[in-house]
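Q: So the chains spell out like this:
There are 6 protein chains.
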Amino acid sequence: MPGKKQSSKDSVMKDIPQSTPAPRYSGIATFMRMPLVQDPSGIDIALIGVPYDGAVEGRPGARHGPREIRNMSSMIRTIHHSTRINPYKLCNIADMGDVPFTNVYRAEEVHNDIMNYYQKVHEAGVVPLSAGGDHSISLPILRVLGKETPAGLIHIDAHTDTNDTEMGFKFSHGTSFRRAVEEGTLDANRTVQIGIRGAQNSEESWDFSKESGMRVIFMEEFTALGVNGVIDQVRLVVGDGPTYISFDIDGLDPAFAPGTGTPEIGGMTTVEAQTLLRGLRGLNLIGADVVEVAPPFDPSGNTALVAATIMFEILCLLAESIALQKK
Amino acid sequence: MPGKKQSSKDSVMKDIPQSTPAPRYSGIATFMRMPLVQDPSGIDIALIGVPYDGAVEGRPGARHGPREIRNMSSMIRTIHHSTRINPYKLCNIADMGDVPFTNVYRAEEVHNDIMNYYQKVHEAGVVPLSAGGDHSISLPILRVLGKETPAGLIHIDAHTDTNDTEMGFKFSHGTSFRRAVEEGTLDANRTVQIGIRGAQNSEESWDFSKESGMRVIFMEEFTALGVNGVIDQVRLVVGDGPTYISFDIDGLDPAFAPGTGTPEIGGMTTVEAQTLLRGLRGLNLIGADVVEVAPPFDPSGNTALVAATIMFEILCLLAESIALQKK
Amino acid sequence: MPGKKQSSKDSVMKDIPQSTPAPRYSGIATFMRMPLVQDPSGIDIALIGVPYDGAVEGRPGARHGPREIRNMSSMIRTIHHSTRINPYKLCNIADMGDVPFTNVYRAEEVHNDIMNYYQKVHEAGVVPLSAGGDHSISLPILRVLGKETPAGLIHIDAHTDTNDTEMGFKFSHGTSFRRAVEEGTLDANRTVQIGIRGAQNSEESWDFSKESGMRVIFMEEFTALGVNGVIDQVRLVVGDGPTYISFDIDGLDPAFAPGTGTPEIGGMTTVEAQTLLRGLRGLNLIGADVVEVAPPFDPSGNTALVAATIMFEILCLLAESIALQKK
Amino acid sequence: MPGKKQSSKDSVMKDIPQSTPAPRYSGIATFMRMPLVQDPSGIDIALIGVPYDGAVEGRPGARHGPREIRNMSSMIRTIHHSTRINPYKLCNIADMGDVPFTNVYRAEEVHNDIMNYYQKVHEAGVVPLSAGGDHSISLPILRVLGKETPAGLIHIDAHTDTNDTEMGFKFSHGTSFRRAVEEGTLDANRTVQIGIRGAQNSEESWDFSKESGMRVIFMEEFTALGVNGVIDQVRLVVGDGPTYISFDIDGLDPAFAPGTGTPEIGGMTTVEAQTLLRGLRGLNLIGADVVEVAPPFDPSGNTALVAATIMFEILCLLAESIALQKK
Amino acid sequence: MPGKKQSSKDSVMKDIPQSTPAPRYSGIATFMRMPLVQDPSGIDIALIGVPYDGAVEGRPGARHGPREIRNMSSMIRTIHHSTRINPYKLCNIADMGDVPFTNVYRAEEVHNDIMNYYQKVHEAGVVPLSAGGDHSISLPILRVLGKETPAGLIHIDAHTDTNDTEMGFKFSHGTSFRRAVEEGTLDANRTVQIGIRGAQNSEESWDFSKESGMRVIFMEEFTALGVNGVIDQVRLVVGDGPTYISFDIDGLDPAFAPGTGTPEIGGMTTVEAQTLLRGLRGLNLIGADVVEVAPPFDPSGNTALVAATIMFEILCLLAESIALQKK
Amino acid sequence: MPGKKQSSKDSVMKDIPQSTPAPRYSGIATFMRMPLVQDPSGIDIALIGVPYDGAVEGRPGARHGPREIRNMSSMIRTIHHSTRINPYKLCNIADMGDVPFTNVYRAEEVHNDIMNYYQKVHEAGVVPLSAGGDHSISLPILRVLGKETPAGLIHIDAHTDTNDTEMGFKFSHGTSFRRAVEEGTLDANRTVQIGIRGAQNSEESWDFSKESGMRVIFMEEFTALGVNGVIDQVRLVVGDGPTYISFDIDGLDPAFAPGTGTPEIGGMTTVEAQTLLRGLRGLNLIGADVVEVAPPFDPSGNTALVAATIMFEILCLLAESIALQKK
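Line order of the protein sequences matches chains A, B, C, D, E and F.
For the first sequence, the working numbering begins at 1 and goes up steadily by one.
For the second sequence, the working numbering begins at 1 and goes up steadily by one.
For the third sequence, the working numbering begins at 1 and goes up steadily by one.
For the fourth sequence, the working numbering begins at 1 and goes up steadily by one.
For the fifth sequence, the working numbering begins at 1 and goes up steadily by one.
For the sixth sequence, the working numbering begins at 1 and goes up steadily by one.
Next comes chain A alone, as it looks inside the complex:
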């Protein structure tokens, strides 16, 4: 295992049962059954929950996402079946718990809390893989990760989230990436939006994406290109610059992920989404999130399983990317 840092984590790790021998339904539900730590030192990748859904204009519930994703993530084992990557062998990975909030009734303050929290994580040299929460959480994360160099973005979603406002509000979950471009933390020219679909009340968000330089792959083009064609486009757009992945669970068809606030029919299958993600190996990845899982709308609990598996797919990408950089 190349270049693992010294870890202060080991002393804490013993408090959590090891993942493999214990039955999957037993033990405390941390992300991927990883140790729960507070100090990021010694960690390569932090799994972080951001239980906030106050910036939603429709159906709430994503605040319950991290809990249920943690719960279902116990089902995920360690070695990826097609790439044979075991991220836990490549990197030190831990669950850092949930971002603490000082005032959950003000989106802007929550966003500040998130920004401050990720600042510390980032300063410790740790790559964050987050579970939302609504999509507004990507904005404060990008404020940290895209601060020095505007980030490239691989954005899987039914919606471009580039409205100017939603219901009069500039920091709703449908405005994140427009704000990030305006704030200079997101590089629109290195941004690709995949799976976009569903009616809108105005064309402004689609227009903004296009005019700002983003590459928008509507669902129809996705089908026409095929996943491999899409992968080619993504690589062309983001190149080898620092790139963030933001996976809104509603990028998938609601048959695959019903538990979300703004489902749009006619979306990706999980086979397509997984194939897409596996096509992103070797990129320069700086972090990722999986957002908009709303357990109250998920009677079978499988949306949380989907999210946990998507997190594992991304975790493999991040771990390999970090391991390569360490060499």
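To be clear, the hints were calculated from the coordinates, so they are not data collected in a lab.
One should not assume that every hint holds.
Claimed, not checked - According to the in silico footprint, chain E covers these stretches of chain D (three or more CB under 8 Å from chain E): (1) 23-30; (2) 75-89; (3) 198-205; (4) 265-271.
Idealized CB from N, CA, C, for every residue including glycine.
Based on these hints, arrange chains B, C, D, E and F on the given structure of chain A.
A: Showing chains B, C, D, E and F alone in chain A's frame:
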């Protein structure tokens, strides 16, 4: 039918199928299948939805309450089986739709919208029967109804909702009645809180209720007194002054009303709640609300039916009260 | 906006909150948040509920379809993301409520009620887009729309619905299109049935479809042709004659639409269904229905969302078709 | 075991696994895991399913009742815990399957099928214990059991089911007992209705019950009398004449039995219902039914368990009654 | 706070967010949001999960109980509303995680694992409050707690769990307390079983309970005595000897706790159960468990909330009992 | 109908209503509404339930599979829509009930019970089509069917089930096919595993499959080959030797089959699975099973419908295969 006002409503009424002959599953879901109107003139009692849950500190979902209560209210017919009151014969009753909001991301602004809306309803001489929404909506309603004379309150709930703040916020759904006392729209000495139970992190809310002069009937005393004993206490407390009824659905045991954000076991049965309400005939009632129905936590939909039936029980009380005053 | 008729609707329209600014969970649930009207004059397209499931031989529940489709249709916005059609700019569109029934215990009488209701709609020059209800409702609708000229039909379904009888009954939901051919309101030679699959107890319905001249595209041929190949077939069959679209939700795989009475696995995806519908632009469309949504079998509510979105796809087709004719 | 008839059942019995040793989740789901027979000869008590809900004016689904009650009845064991009655030791008991229907689209024809079926059962000297289906099924059963002597009736329900018509129909599930009185198969003076509640659109059904001589115990009187007081009333009313028990599951509060078409809050608990039934020992019982279980509205399946347990309570009553008569 | 031990726990505690200020849906789900520790030294009361259901003869799922109870226990705050006990002020309380198992396919080996685990807890002087798991887990716990002095038992349940075997097995969840008596760890004369009901296939378990000297309060006697009468009986039976509380969630009526493997209708309400528990203050309590919560049968999740609240009620009893002994 | 054996079944058949005329929701739920028999003589194909899930290491519930598959199988009619095979015309088919178990607490004993049961079925010349239960049941079935000649295997699954042990156990549901190879009842060189995916904690199971000679088609290769390519591979591997089909429902994506214990996202669609099965006509088939349906995780019940339909697809294959051999 004594004293019905002239109604401008009739012209609108024809747009809604009449309630009795049509099957209950058919037609547009308005409250009690009443006509939908915008102009309060000519109405005696307005059924109003307040789809807001942004002041919740726990599980959201009550914003979906008015829709589902409307939906299930189609099951409720017209003549009360024990009192034989038919409120539709005593009063002009209409569904006035939902309160419109200008900024759903700020509780204070939502509360202002509610206050302004109810001000118009109140000025038209209409008695409001509201469906929440979280319990914070009672505060702006009381700002209107208790403006001239502080209102008495019959408050059925698991919680006193008299915290100073919740998570640092003064206008959360757990602070409404403390704020109302402070603002002078609620008369603590004419307030009775019924069904209180469940652990708290501090005793301050219980203390405030007591020290401000409210009569708090914890669930244990409820059981000891029996419903008739409770009714006696209520009448003693509120007397014949103007009185508001606020029914938080979590006053009921979650076996009867699982679909709510902060369920507390060990609560009232529906038999007890209905008996209690029927004991309130003849009071001077100025309005009422039924709040905290959260459909995403209600797989069978029966919590919305409970809420609709409780609304009907209260509607009978209000109608009789109004009819008596008209005479 | 070309050729809008003068509308008597505007006076009613004000009673319904406008769709865009209000949160999607608020307000009365009409189809697509459109105004509710009773008088068809001035309307181009009427959205009509037909809450009847008494002609089902299996699992009931489609009588609850219109309510839940209305409810979920609040999620649908106004501009189609790929065609950029905004149907509300092209046509006057309203919710006309549900068809009233005189005797819900007799399918034949219900069918008469439906026929009489649509006769008035048709005479007012209004194109109906209906939400069932079971599939038997298409028969009385065709009695009106195919009266002068037998209609062509684009029929998406798992079943041909061309049995002679079901359980001894000639007007069940599995016999509609045989009856319509026999009654002379459906042109079998201009009928295409798409997505057919699932075992039958006799081959008679498949045989009738074939022998009467219908083009039957079983699911296997659907897969083999691909959606674009199917679109070619459809256009070949229906030509430019007057054509009706009947979309049985069980044409979709139950993974996408579990809430239906007679689910058959191995069906279309929503991507396929939407692509198919978008391939039908420019046809001479006279009406459409979406049927067999049974909410009691739909724990997540997403089948109603699927149905609402399919209605929106069809609404765009109808609006464009009408707008073209008006020019 | 006193006076068991010679049984032709034994040869069939071997085809069903015996109830006690096999796990409760295994084997074919017959009522109480009893043998399935077609020939009533040799049986004392027949458990019969009547899967019909076409006479419902509201929410359908009771047609699925017999299946799910059978399924959950595997949970019920053999010896009653308080009376220590083992009905299977006192009587020959079998599942006779479901009543076959010739035309499910006509309530009157279904009622004829039921009547003809029960006629054969009755002629074989077998006492029927039926699982509905909607409450309309009691009418044709009474046509058989009350033919020679009008039956007394212990009727547990939220509704009196004595409307003249429902939605214009004389044989709906809300008219059964008025029809039975008119047809002379039900003795109104020996009828007691227990648990009545919920609003009605007219007082006619309550009036009919009263004026025809029925004893109506509204829920309020039920609470006031207490269960033992109610038992006294029941015994007073039905005396020692031949008596039928009809248990509508909506007599229970929907907290206890949510899966039903017309739930009314404020009903009996299961403790109360069981205590009531146990107070009926020694009556002259001629049959019984448990109706209106609608599994599509019963997410947990517990309503079917409630119904199965109520059937077991009644089965003990019937078995003891028969055994006493045999002596 | 009288007599708290020195605690090694504090260093671990910091890894878990403190309970009160964080929103209840955030953070890692430990029991009551208490710190997770492995070393029992310094703890007074350990909250322990025992996720095992292999000794069930019916519906499985209780292995998922500890996770969901932990999840819902975040809803429980710190000060008991009627006794005003704050157990966290009286004692050091921690979540010790789940018992690790070596072979989940053999009940006897699982029971050994449980015994060995609790032996260490017991030797550290820690009082265990456990969440099952099926009821077989009480046997190995009693092997530890009743080793020196046979324990008295307050057993709330629908079933006596004193069968000799179930389906040929001596260590099923229906045999625990007979085995414990035979093994000499349970004092039958100081055992009271409360809420017993539901049919059995033989009378042997009821007979064993009675003949061994246990006081069995069937549900009928429970109703007749009233809760206060039952409390008197309990105190009479257990006296001041060391006493264990075992609360099978199916002691409650399935309306209150549907999520369990062997529901029996006609059980206790939560008001009754809570009143009963509050009547047990001042006893000499040595531990307790809450068992048989089966989340797969609990669509609303409220059974887990009930279990968490019952755990809190018992936690208050244990904490007070320990605090008194320390004085 | 070629070569039907004389059947002793007819005398039993009359006890079950015939499948076609009765409504699908009526009658006793046997597999495909076939007669229930105990004596295999005269049967060609036996439908058998194996309600066991004690060898699961994760989420239990598959013991409830046979019941719910039987229940939903009433929805399946008789003539396959694409092959036009009516298996009931080709063969005598019956439901033989569930395998009886002597000790459900010991997997090895359960496996012996299964083996002994299938031995009798096999000796009677009957081909078994089984519904699990967990995947461990395939091992004892292969002990019978592969005894004389090791069987070839078409294995559809997310997992290879070729672990050496799971949680220390050699007979868990994840070890069946390794054991079968070791025991000599499965021919690894004639085994193809299709749909494999999902992370593992070690590569040993994938390695065993490969090294033993099995052809493993991971999901990625499945997508790349397309279904027809996969069919070619299957035919190449199994040739014309005796071949068993084992269909684990988790081979399908959880969007299509959520009700299973170990769901893995990114699986087959039902269209793919059905196309695959239809490509297997003409093989030398000796039996089949459909396993791992866990109804407690299947809120809509559609997973059981999927399983029943897959059983029907396989039934057609088996019936045709048998009919060809008879000729």
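Q: Tell me the hint numbers this structure goes against, listed in increasing order.
A: 3
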